[in-house]
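One-letter residues, chain by chain:
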Amino acid sequence: MTRRPVSARAVGEIAVAVVIVIAVIVTIRILRDSAPQARLPHVGTAAPDSDDPDIVTCERTLPDAEETQQAIDQVEPVGLISSTEVLECPDAFDQQVVVYVGEVIGDVLNRDGGAWLLVNDDDYALEVGPLRGHGDYRGGNSGLAVWLPAPLPDLEPGRGDVRGTVIQVRGRIHRSDAADGGGLTLRALSADTVSILREAQDLDRPVHRAQAVAAVLFALLAAAITLQARRSESRR
Amino acid sequence: MLIRPDRDDLQVIGFYLGKVMVGVGYVLGAPMLVAAVMGDWDDLTAFLLGAGLSISIGRLAERRFATTQQLDWSHGLVTAALSWLLGAALFAVPLDLSGHYGSYVDAYFEAMSGLTATGLTLTQDIDHMSVSVNLLRHITHFLGGQGIIIVMLTGLGSSSGQVSTLYVGEGRDDRILPNVVRTARFIYLVASVYLVVGTIALTLAGLVAGFSPLRSVIHGLNLFMAAFDTGGFATNSTSISYYHSAAIEGVLIVLMVAGALSFLLHYELWRGRRREVLENLEVRTIAVTGLITTSLLLLGLARAGTFTDVGSLFRKGVFSAISAHTSTGFTVNASRMFVTDWGRIAPAALLMALALGGMASSTAGGVKGIRVGLAAKSVSRDVRRAIQPDAAVVAVTYTQRHRRRITDAPVRSAITILVLYVLLFLSGALVGVYYGVPFEQALFESTSASVNGGMSVGVLEPGTPLPMKLTYTAQMWLGRLEFMAVFALLGYGIALVHGRI
Chain Z
225 MTRRPVSARA VGEIAVAVVI VIAVIVTIRI LRDSAPQARL PHVGTAAPDS
275 DDPDIVTCER TLPDAEETQQ AIDQVEPVGL ISSTEVLECP DAFDQQVVVY
325 VGEVIGDVLN RDGGAWLLVN DDDYALEVGP LRGHGDYRGG NSGLAVWLPA
375 PLPDLEPGRG DVRGTVIQVR GRIHRSDAAD GGGLTLRALS ADTVSILREA
425 QDLDRPVHRA QAVAAVLFAL LAAAITLQAR RSESRR
Chain X
996 MLIRPDRDDL QVIGFYLGKV MVGVGYVLGA PMLVAAVMGD WDDLTAFLLG
1046 AGLSISIGRL AERRFATTQQ LDWSHGLVTA ALSWLLGAAL FAVPLDLSGH
1096 YGSYVDAYFE AMSGLTATGL TLTQDIDHMS VSVNLLRHIT HFLGGQGIII
1146 VMLTGLGSSS GQVSTLYVGE GRDDRILPNV VRTARFIYLV ASVYLVVGTI
1196 ALTLAGLVAG FSPLRSVIHG LNLFMAAFDT GGFATNSTSI SYYHSAAIEG
1246 VLIVLMVAGA LSFLLHYELW RGRRREVLEN LEVRTIAVTG LITTSLLLLG
1296 LARAGTFTDV GSLFRKGVFS AISAHTSTGF TVNASRMFVT DWGRIAPAAL
1346 LMALALGGMA SSTAGGVKGI RVGLAAKSVS RDVRRAIQPD AAVVAVTYTQ
1396 RHRRRITDAP VRSAITILVL YVLLFLSGAL VGVYYGVPFE QALFESTSAS
1446 VNGGMSVGVL EPGTPLPMKL TYTAQMWLGR LEFMAVFALL GYGIALVHGR
1496 I
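From first to last, the protein sequence lines are chains Z and X. Quick note: the first sequence uses my numbering, first residue 225, plus one each step. Quick note: the second sequence uses my numbering, first residue 996, plus one each step.
For reference, chain Z alone in the conformation it holds in the complex (with noise of 0.2 angstroms):
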């Protein structure tokens, strides 16, 4: 069988093609960077306080030594933390009582006489508000697993279309919570020491017009070419 070179042309088509739907991502990436953003109203400081716990080491070495609940007690409270504190160096923050503000996020989880919560402190949280309402990068989220006892206030999580609940807990940090098979967990000290710092908030997200113009344009294009494609084999 004779064999045919690639011609040159054929290498041209392919690399037109390829600049076109690079074309068409870049640009509408640009348009959507430069629409104008709806950044969401500052809630408050993520960072802690100045009083700042004084942490020794970040690395377990060796397992706690047995504490009693009396010293669990005495444990003085640290005051604002965030959670990356707390995650870069659980140990030295287990059985403190804290002070944590963060945005309820995905479900509250009603059960077994409270309700398990995922609050998170991050930007997204507590500064710029959700990503999809601007286009400010901070990074992934970041937040603690919180239990509270019942009764819960009127809490509203944050989704993809709505900024949560902003609470405040008062709680103890338990580095490894038995009752939670292991997990690291604050748990507030009591239905009193939860407040609501700012309720849920809708967010709008309109259409990228753009955008939308691309769609509709790609999709007719693309069902132009099924129907004739579809045509020609009936034809056959």
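The reader is advised that the hints may include incorrect statements.
As the list claims (entries may be wrong) - Covered stretches of chain X (in silico footprint by chain Z; criterion: 3 or more residues with CB under 8 angstroms from a CB of chain Z, positions within the stretch not fixed):
1) 1083-1093
2) 1256-1266
3) 1304-1313
4) 1320-1333
5) 1341-1348
6) 1454-1466
Read the hints as simulated data drawn from the structure, not as lab findings. Quick reminder that beta carbons are idealized off the backbone N, C-alpha and C, glycines included.
Got chain Z sorted already, so can you dock chain X onto it with the hints?
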């Protein structure tokens, strides 16, 4: 002499790539429908754009490169390697437009991580991600876990002869039934049965955990796809610790193990041959390595005092060990806690489990039990030969569907792939070290990407230097295709430039 691929070669590759692109477009219909139901209109236009783009280019490629020529081995391998690159590029379009990725490269990383069932993520503010975009991430697991090309081509009516080389190119080597299309349909039958049963079980467990019915179904479906396809994506930033539910963790363990079993073994079980499970070399190997890594992990956690009671130690330890050994990558603690709270032995045990992985021709990654088992059997044979008289004949056998005698060819092949994986782990780790990451952490992250494991010690994040992101992306691709298809593609590229007609 290298033979330069000619026009016919490129035509047949282009034709099948076109079919795969059309398939990607159709798949985007599912999250589009969900976006419409949930009222996520901006996301809907992103899916429509991605689908329109994929179908348009795919159909044009099908027309431009129309051919009745059959795929030979080299075509199959090259098409498989390119399909995974292109598939990720197209799935990355709606992901990028969702606004949750710092750049298209990040979205591409995410799509590759999804398709290769790795589970590493560069998503920013995932906790405010819409249901439809999150569903797309998990659908990529479902597609990639079973094999993207097989799904596309069998779904679009290609014949068995046409797709058989692609089946091998995707890192599958067991043909369960004589015909590849029937094999692919069996794989999807198994996945569909698990999909229904697994989603129902997770939904019920979710209801008990305190979710509303709708949210329970959403979480159940996504969790199923991430667990059975041993992917490891989660709908939120805290992975499985979000659920605070032993029941959900229990169902996930069953699904992860089911996903890590080869489809051939599912077939044997389907036919009632339970004996195969007990005699199969790969099952035995994984049972032994699983026991060793789990024991090491528990020992390490106990020594570090990570958990304060035995119940927690076993619950978190066993879940993490299974998640790593099946290459799923679900976690029950924040990533940083592997470094800050797990001591040194437990993360090392996790790393070992990740590297070993599940069974060949399953949804799992890793170097695979069969290769470890063959290498171990080969060592045993050599030792027995060394201690027997010269005239003695040493025969070592193993069971893999049938009783087989160990020969040099499969052992050489297994050891070659093992060595390639080790080189891949180390090369990725060196890139991390170059950018200032401590060696142990760089090795963990590199291994996790290479074996499509998905666990992270926090090295990978949106701010990670671009070369590291690209390295991990390439590692995920190489690891999923188990090298051969990628090497064939490189060879094709070299032949295009230096070959002769």
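Q: Apply the coverage criterion to the segment 1454-1466 of chain X and chain Z: a residue qualifies when its Cβ sits closer than 8 angstroms to a Cβ of the chain, and three qualifying residues are needed.
A: Our answer is that it holds, as 3 residues pass the Cβ test (under 8 angstroms) against chain Z, meeting three.
Q. Does the segment 1304-1313 of chain X contain three or more residues whose Cβ lies closer than 8 angstroms to a Cβ of chain Z?
A. holds (count 6)
(Q) Please verify the coverage claim for the segment 1341-1348 of chain X: does it have three or more residues whose C-beta sits within 8 angstroms of some C-beta in chain Z? (A) violated (count 0)
**Q.** Verdict on chain Z covering the segment 1083-1093 of chain X, criterion of 3 CB contacts below 8 angstroms
**A.** With 4 residues close enough to chain Z, the hint holds.
Q: Take the segment 1256-1266 of chain X, compare each residue's beta carbon with every beta carbon of chain Z, and decide whether three or more fall closer than 8 angstroms.
A: violated (count 0)
Q | Residues of the segment 1320-1333 of chain X with Cβ under 8 angstroms from chain Z, three needed, outcome | A | Satisfied; 5 residues make the cut.
In this structure, the hints that do not hold are numbers 2 and 5, in rising order.
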